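Colleague: These are the residues of each chain, in order.
There are 4 protein chains.
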Amino acid sequence: MTSTTRLVYLGPPGTFSEAALMTLPIADRAQLDPLPNVAAALDAVRQGDADGALVPFENSVEGSVSTTLDELASGDLLQVTAEVVLLIRFALLARPGTVIDAVRTVSSHPHAQPQCRRWLAKNLPDARWEPSFSNSEAARRVQAGEVDAALAGAFAAPRYGLSVLADDVQDVDGAQTRFVLVTRPAPPPPPTGSDRTTVVLFERDDHPGALLEILTEFAVRGVNLTRLESRPTGAGLGRYSFSVDCEGHVSEARVGEALSALHRVCAEVRFLGSYSRADGRAGVVRPSTSDDAFHEAAVWLSGLRGDTRARSTDGS
Amino acid sequence: MTSTTRLVYLGPPGTFSEAALMTLPIADRAQLDPLPNVAAALDAVRQGDADGALVPFENSVEGSVSTTLDELASGDLLQVTAEVVLLIRFALLARPGTVIDAVRTVSSHPHAQPQCRRWLAKNLPDARWEPSFSNSEAARRVQAGEVDAALAGAFAAPRYGLSVLADDVQDVDGAQTRFVLVTRPAPPPPPTGSDRTTVVLFERDDHPGALLEILTEFAVRGVNLTRLESRPTGAGLGRYSFSVDCEGHVSEARVGEALSALHRVCAEVRFLGSYSRADGRAGVVRPSTSDDAFHEAAVWLSGLRGDTRARSTDGS
Amino acid sequence: MTSTTRLVYLGPPGTFSEAALMTLPIADRAQLDPLPNVAAALDAVRQGDADGALVPFENSVEGSVSTTLDELASGDLLQVTAEVVLLIRFALLARPGTVIDAVRTVSSHPHAQPQCRRWLAKNLPDARWEPSFSNSEAARRVQAGEVDAALAGAFAAPRYGLSVLADDVQDVDGAQTRFVLVTRPAPPPPPTGSDRTTVVLFERDDHPGALLEILTEFAVRGVNLTRLESRPTGAGLGRYSFSVDCEGHVSEARVGEALSALHRVCAEVRFLGSYSRADGRAGVVRPSTSDDAFHEAAVWLSGLRGDTRARSTDGS
Amino acid sequence: MTSTTRLVYLGPPGTFSEAALMTLPIADRAQLDPLPNVAAALDAVRQGDADGALVPFENSVEGSVSTTLDELASGDLLQVTAEVVLLIRFALLARPGTVIDAVRTVSSHPHAQPQCRRWLAKNLPDARWEPSFSNSEAARRVQAGEVDAALAGAFAAPRYGLSVLADDVQDVDGAQTRFVLVTRPAPPPPPTGSDRTTVVLFERDDHPGALLEILTEFAVRGVNLTRLESRPTGAGLGRYSFSVDCEGHVSEARVGEALSALHRVCAEVRFLGSYSRADGRAGVVRPSTSDDAFHEAAVWLSGLRGDTRARSTDGS
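Chains as they are written, first to last, in full-length UniProt numbering: chain A, 1 to 316; chain B, 1 to 316; chain C, 1 to 316; chain D, 1 to 316.
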């Protein structure tokens, strides 16, 4: 590790990932470097070349970022320590002086195009779309004269000497992307009362009711899921792992007991971290699944068993 | 407590309860005293007048003994420390010299009559049945000449100077009664690998899905129920508590975690004991709910949390 | 069947069963006859000697009447067509002129004694209790001078020439007994919007999760249970059938589909009737389980399947 | 509709989609036309310009094809009538005479690159990867000299005048892609005994247990899921619809009742078809959820209700 904190992000400069990273206090005093893809960013952390990586995780229109899910689900274990949610607004960037009627080609990352499809069909029905590695790369290609316009965040315009031809060109207002800051494994940050926990669950065998069992382990302990995504394990069609976000922090008794239960019934539970929620929402905790309720139950059970030794207060 | 162990049982002498008590090693060196009813026997334990009480709990034909369930579910807490299962065989006892055609009246405890109903209808269609407090009391009444015959265990005949007019008069062969030995609360006997745990569950409020929730708490932890009986709480029709037997011992992780969960979701969990099963059957434990699995999961969770303190091995 | 309707009840005259029967309009123009026990009353219906039988079903303090449950669960099928709920109040009846200090013996049906136990312990601590076949029989025995006092409904006093020594001697006020009117099988009475359905469920095999499965079949269709009682099947300890009351009427789609599902998964579903609730309460029906919702879903499914034939409106 | 059947597929010619389409008997006598993207192919069907569209649905390594899922989940209803599963093998295609050391740039559809990542890292560590709209488009660009090599099916080589530089360059052997043939809504093809049903489920409201409820509706009726994918509804992070494949055919009782139940509890159930499985596997049907069991239950219920009208045999 370098003496200065080094954080990497899904580049190039000017991406939403960079914008997301810059909202985190830790970025203020760190060296920020773009890397060309998610795998490279995560590998930099794994290999100790970076202290953290900021990568996109899911989008409210496009869904999960499969690459991120799959890279986190395999290889050396990494840990999510923070999340950032950005409102996604797209602008149409072009070289200064370009008029909209002159736009024949538009480029962007493949994730951006579907989010602006209706706007493009209406305003640029004859323009051809070309994929780029990233929206920033598309902007660079506009600068280089390779294409006429790029879909990107308006904040990328000055970086590439471009003008904003049209702003808010996304079809759906309010689209959001969730980014995660990933580090090497370490004890999770302390609970804030508004936390989220992320795990990847691999079934012990491929039996039909496995997902129902998994959901039941969460539900009986009052742990609400906020995201569940199935991903192929690569072992053939019909074989999936589950990427899951739930409310709460691993240090809380109901979450800890649920994770322990999953550890018992799954082939593998890959713990990807407990961290503060970007939306600040406190999850709903039923009185019967509060830490106090677990503590009281543990004391009661200890009495039944005739234990005289001191008891820990968690319910796991 | 007296210097000699004093055990009481549902009397009078000659009942199946006495026969059941005498199968227990503890009875060999104890003073055995009959008491007239279940409440009296349990109260003698509560008040310290006796060290244990042997009372009937359920019968494979007649069902639970409501009085026993209700007496154990209220009042000062008591604890089941052993169970005895007896094969129930009834004989028709009469004064020596009586011929069956001369039997005009038959008496027994109200629980015995239904178990011999078909035999009575066929062999003594015109005899009148009269209730007695117990089968032994019926035998005493035969001795006293108040009735002609009694339904009772054949072993009661010599005690009352009676003869066995007909043996095995029960309609269903193989009927069994389960008896329990009840003491004041104490740490339960150690697990034997073939144990049973008894609790009474009071719902927190009267919502329709309460029983489903209760069963789910057992099921997700792989704890099989062997008996579930609803009993009115006395608060009105439709208000029930549940008397439950499950496989396993409170010291086992899966049972402990299930009881703790019920303690959280129920208004009250009344623990009535963990004790060796009379049938010697080892409950089926899924690998994912073994003590080893719980222990491994607890160690894993501890690692996730970054705990450095030593961890207990149970899953509660 | 006789030209006049003949209804029988658990006698003798003066029982709560008679009082319950007399609350039903059908009793106004019928011949009412007591029979000595529940089995006799039900057999009279089975054999065509009576058109209906009124028998006790459960008590809010004492619980289910096992004999009634068991007699309905076996033998020729019978059907519950009405229920009556009576508030149970006990009086202490004695011969006129008797003072309470002179009462040495008290008699009643064994179900009555526990409901007055505390009153007896306080007011007649030295009196001996004797069982009778019924509270009315106890009153008759008082009249005959065989015992000093009887626990019975105050309404029984004039019938046996007795006085009320003390009224409301029950320990718990508000105790209720539910009685059922039983007939031979016939199409159930039409739904009233406040109905109850009674079934007996026999598991297909004795697997640990059977009861959970049964409850789930009700729960997924939004059918609330109001009573669940396990009864031994007679096949050995640990083998039970379940006597169940649920909200709603067999003609309603959600109830019909739930019963059909149970018919598929159980060894036997013994349908004991759908009938109007005595308490007049309308069960809570979620919008998603209303008859309208089932009808709409059936029409939708029919469209998916490309059915052109007319569809029935129920969801079974 | 044209007089000749016209089928479209995800082009350009030489894609796996074309190869998949050509395995279907219906393709033998139809006009086959490539379209540039999934949306265009599906819209051609919607607008009546084509009779069917063959598009990729999911891949055993890369997961679902989000575009296909999303296009089928919105807009005018379409229907899956067949599926095709292809083993995916990639070759490295180049202009004849090219040696591997001369390859500086490799292009493919973004889905192909991750499936060959390790091979590329080992054999072409310095080559730059460029995205193309499709693997065939990449081959065309090789032909045009814009890039040096393409990842594509070996069958695409002759079409673009290319040679196979290396075959089987995929990292994981046995990767499969499932394609679906989509038509306008019509009664589904008859059941074959090895069928699959696809639906999209929209929750009625965003409550934590919604997915558990959905899975329970399938599970209680013995309907196994073979795929469950969450997709954002676009209404914000945390709001999902579920794309589900289950075993069985809508004409089967257990599937029909499950779909009807979901229709009652979900905001919308979008039925995308029942069709023969490509793997020919017969789903496991428990005896209690066979069509016979449903039929028998329906007849039984009809008898309970006193229905005299004829009954349909389905369980819905």
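These are computed hints drawn from the structure, not numbers from a lab. Careful: at least some of the hints might be erroneous.
One copy or two, it doesn't matter: identical chains are merged, so the pair holds either way.
[Stated by the list, open to error] Below, a list of computed lysine to any residue pairs in the SDA-like style, where the Cα atoms sit at most 25 Å apart: (1) Lys122 - Arg104; (2) Lys122 - Asp292; (3) Lys122 - Gly280; (4) Lys122 - Thr23; (5) Lys122 - Val164; (6) Lys122 - Ala30; (7) Lys122 - Ala73.
Bear in mind the structure is a predicted one, so any value in this text is a computation, not a measurement.
Colleague: Indicate, hint by hint, whether the structure satisfies it.
Modeller: The hints, checked one at a time:
1. Lys122 - Arg104: Only inside one copy: Lys122 and Arg104 sit 14 Å apart there, 39 Å across copies, limit 25 Å.
2. Lys122 - Asp292: Neither: 57 Å inside a copy, 43 Å across copies.
3. Lys122 - Gly280: Close neither inside one copy (38 Å) nor across copies (45 Å); limit 25 Å.
4. Lys122 - Thr23: neither (34 Å within a copy, 38 Å between copies)
5. Lys122 - Val164: within (18 Å within a copy, 42 Å between copies)
6. Lys122 - Ala30: Neither. Shortest intra-copy (43 Å) and inter-copy (33 Å) distances fail the 25 Å Cα cut-off.
7. Lys122 - Ala73: between (40 Å within a copy, 22 Å between copies)
This entry does not satisfy hints 2, 3, 4 and 6, going by the numbered hints stated previously.
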